[in-house]
Amino acid sequence: MKNTGKNQSELSLSASLQRITILSQLLHSGHDFIMSEEHEISLHNPEIKLESLKEDIKDFLKTSGWEKKLQNAVYSELNVFPSPCHPAAPPEHMKEPLAYMRKAQGSWEKRILKSLNSMCTELSIPLAQKRPASEQKELLNKWNEMGTDEPDLSLFRPVYAPKDFLEVLMNLRNPNYENGEQPSFRNHLGLIQVPLKVKDIPELKEDFSELDLNIGQLGIDDSAQVPPEFFENEHVRIGQKVLAEQDSAAAQQYVRQGCPTALRADLWALILNISNQPEDILYYEQLKSNVIQHDLLVDSLIYKDVKLTASNDDYYFVFEDYLYQVLLCFSRDTSVLEHFAYSSATPPKSYIQGKLGIEEYAVFYPPNGVIPFHGFSMYVAPLCFLYHEPSKLYQIFREMYVRFFFRLHSISSHPSGIVSLCLLFETLLQTHLPQLFYHLREIGAQPLRISFKWMVRAFSGYLATDQLLLLWDRILGYNSLEILAVLAAAVFAFRAVNLMEVTSLAAAEAVLADLSTLKVMPLLQIFLFATVT
Amino acid sequence: MSVQTIRNVFSVETGYRLSDDQIVNHFPNHYELTRKDLMVKNIKRYRKELEKEGSPLAEKDENGKYIYLDFVPVTFMLPADYNLFVEEFRKNPSSTWIMKPCGKAQGKGIFLINKLSQIKKWSRDSKTSSFVSQSSKEAYVISLYINNPLLIGGKKFDLRLYVLVSTYRPLRCYMYKLGFCRFCTVKYTPSTSELDNMFVHLTNVAIQKHGDDYNHIHGGKWTVSNLRLYLESTRGKEVTNKLFDEIHWIIVQSLKAVAPVMNNDKHCFECYGYDIIIDDKLKPWLIEVNASPSLTSSTANDRILKYNLINDTLNIAVPNGEIPDCKWNKSPPKEVLGNYEVLYDEEMAQSDGSDRDLRSRSGQSTGTKGNRGRDSGKPVLTTWK
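Protein chains in written order, with the numbering used here: chain A, 944 to 1476; chain H, 617 to 1001.
Quick caveat, the hints were computed from the structure, so don't treat them as lab data. Certain hints may be false.
Cross-link-like lysine to aspartate or glutamate pairs, in silico, EDC-like; alpha carbons within 20 Å at most [stated by the list, open to error]:
no., chain 1, residue 1, chain 2, residue 2
1, H, Lys882, H, Asp895
2, A, Lys1011, A, Asp1190
3, H, Lys897, A, Glu1332
4, H, Lys657, H, Glu667
5, H, Lys720, H, Glu703
6, H, Lys872, H, Glu862
7, A, Lys1184, H, Glu854
8, H, Lys922, A, Asp1257
9, H, Lys853, A, Glu1177
10, H, Lys720, H, Glu675
11, H, Lys853, A, Asp1164
12, H, Lys676, H, Asp637
13, H, Lys899, H, Glu678
14, H, Lys853, A, Glu1172
15, A, Lys1001, A, Glu1175
16, H, Lys853, A, Glu1332
17, H, Lys707, H, Glu678
18, H, Lys853, A, Asp1257
19, A, Lys1292, A, Glu1035
20, H, Lys707, H, Glu675
21, H, Lys853, A, Glu1035
22, H, Lys858, H, Asp895
According to the in silico footprint, chain A covers these stretches of chain H (three or more CB under 8 Å from chain A) [as the list claims (entries may be wrong)]:
no., segment
23, 766 to 774
24, 897 to 904
The model shown is predicted, which means the values in this text are computed figures rather than measured ones. Cβ atoms here follow ideal geometry from the backbone N, Cα and C, with glycine treated the same way.
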């Protein structure tokens, strides 16, 4: 276990170092190009001028494809890192500008860690220990089929479930905000009581303009009744062109209208800037050997989660073994720690046995700083339909996590953070379906109680896989999770008639229990563009 | 009606005659297709006939293998073709073979061998009893085992597809869109140490459900549309379409092979369970055809599927829910097809050769891509007429 104790500046330094790596790769390749004998212009050519050298290098960048790679890398960074804020702002502000949110996240983290530690003490299992050699060998042998040898997991419980997290969010209050009124229809009747700014439908229509009724969509305009000449064939052709150009930004724009199934894996890899180079594969193998050598308590939590969720899922049970491979490696991946620079969360610290409180013996636990909760494995499961090579699957998942999924289980004011999504959902519902909202509230079935779990899991395990992938296309295309809240509201709108007739929370849940027959794109389109407001 | 009852109904001794308003769910000699040895015999005969006619379908490649009609793994009848089998075995001594009793189902009596010694004993026993007539139940077939099946998530699976035949001459058959894949619960390994582990090799639910890891929620079953989504996403659309077209092709060819010998009794229709395995080169292989596919359910989804299957089958066989009349022309209107799609209609093919609706696809991800035709680019497209 490394004694890291990294602080903020070190984290951002390593991020910069990564960017420099790509530059040094570029410089090496450029150097080789110039020194190559085939190249007309060599350093010994007396006619070489500074001006033409600049042009030559530009040409070289274009023809070798490096210009594209640089562009993609920069574009990636822009997507992930927040825009620079005021120079006088302290580093915490990049994580989360609002103090009360930071505080709430901090106390939530304390709670989780306490729960983990007490489970550890109760079961007398160390948080981490080195595996004996025989166990290491055994694990290596059954690396590809960890699902078949089930250890006794009956004493383990998930550290927390989405509904626990919802309770915390419900109690969030801004201490600076005092409106002195009783909750009424003039203010917010939902569960979330913090005054964050969320978009209304006109703003959403603008943001999601590519989903408009007069623009072709996969998920709608590729159905049997529509001849493929109208939209599908051309869309596929454009997709192939985007892939040939290897342009990240173009891909991101393209997938807003959906990915053809055959191109999706490559398009997502392009947007997430994953190329599965030999060094990436090596990194994955390194993680794998970390798993073999050390046993973490978190591993049992991962096992338990997979067995409880994905193993029982009609779509994902087939990929059970891949899930273990990805998640066990994920929990040892310290590069994930970098995302804490822009996340409101802070990785939990633990101390080597007997050295509690002594900073030199502090380590991040788990090594990647992410404690899995009930349903976590469902973030990985849908990706198994796209990537069957473990190291590529791993990288795609990791990138999806540090770009999107982490926001779904940390408290922040970010527009794609779960708090904003909940508020957006409730506001949309209250504004556009007031009667339904009021009715459900009256019978003790606050809508967020039902839709929360959908949003936390990004609908994985609730929608049919092909529909889920169409939804995640748009998450990547718009670089935002807001569409999850819009879809949740659209689902309620769709089943409004039945919901108006129920008289209890249980009945409301029953109406919304099965989403597997829903078609996502028509629902979104109708809700945003075809509902009279 | 069960298979035993059918035998009685059509047996010469009982002298039953079905009246015009009685329809039964089996053809009298369905075993020409559904017994493993007869199926192979009929297909071999069909291929030879086509070859004699000089039909382009019977074209062979440079190794002497049929290009379009090689969809059944090399099979021999035992004990009759024992010597032929030994010859073939010696050509590839490292191959694995699967022994299957002709008349049994649900994976009963099946075992794998990879050494001649393993069946020599079996053969010796049967040779000494050559004066005692072999009851047909004890006949075996031995087929080349497909030891490179396509694996998903590291697990082996096979496809179960339902095909309804309402008449053999002219051939009219329908494919049920909602077939499924049956997964083994244990990781596949071609290792010889696991040849005896039936959980690794046999996908029959009757066997898998006794495994430790059998799950009662999904039952180890995947829909064909999941398979399609997975293959399109990981292998591309063209090869996936080609695979499904080939699957339809082999079903139709197998029916055409037995059509001449089938007793095309107008009182009969039949719903078959086709078992198909896909190898890692995305080539489908016909393993067997079942006359009485299991209509019991192992999971909730299964129950819905089987219910719909029976419902749609009866809607086609006995239209309008009226008292049937076996003299009707057996052309149900499109609306009653339900989840069935027309797979092949010989009459329509002969009258309108360019009608591409015949090559409909099943199992699409949204299930709505019904009857869109597609150019396969195969030269035999013309012989679909």
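**OP:** Identify every previously stated hint that the structure contradicts and give their numbers, smallest first.
**Re:** 1, 5, 10, 12, 15, 18, 20, 21, 24
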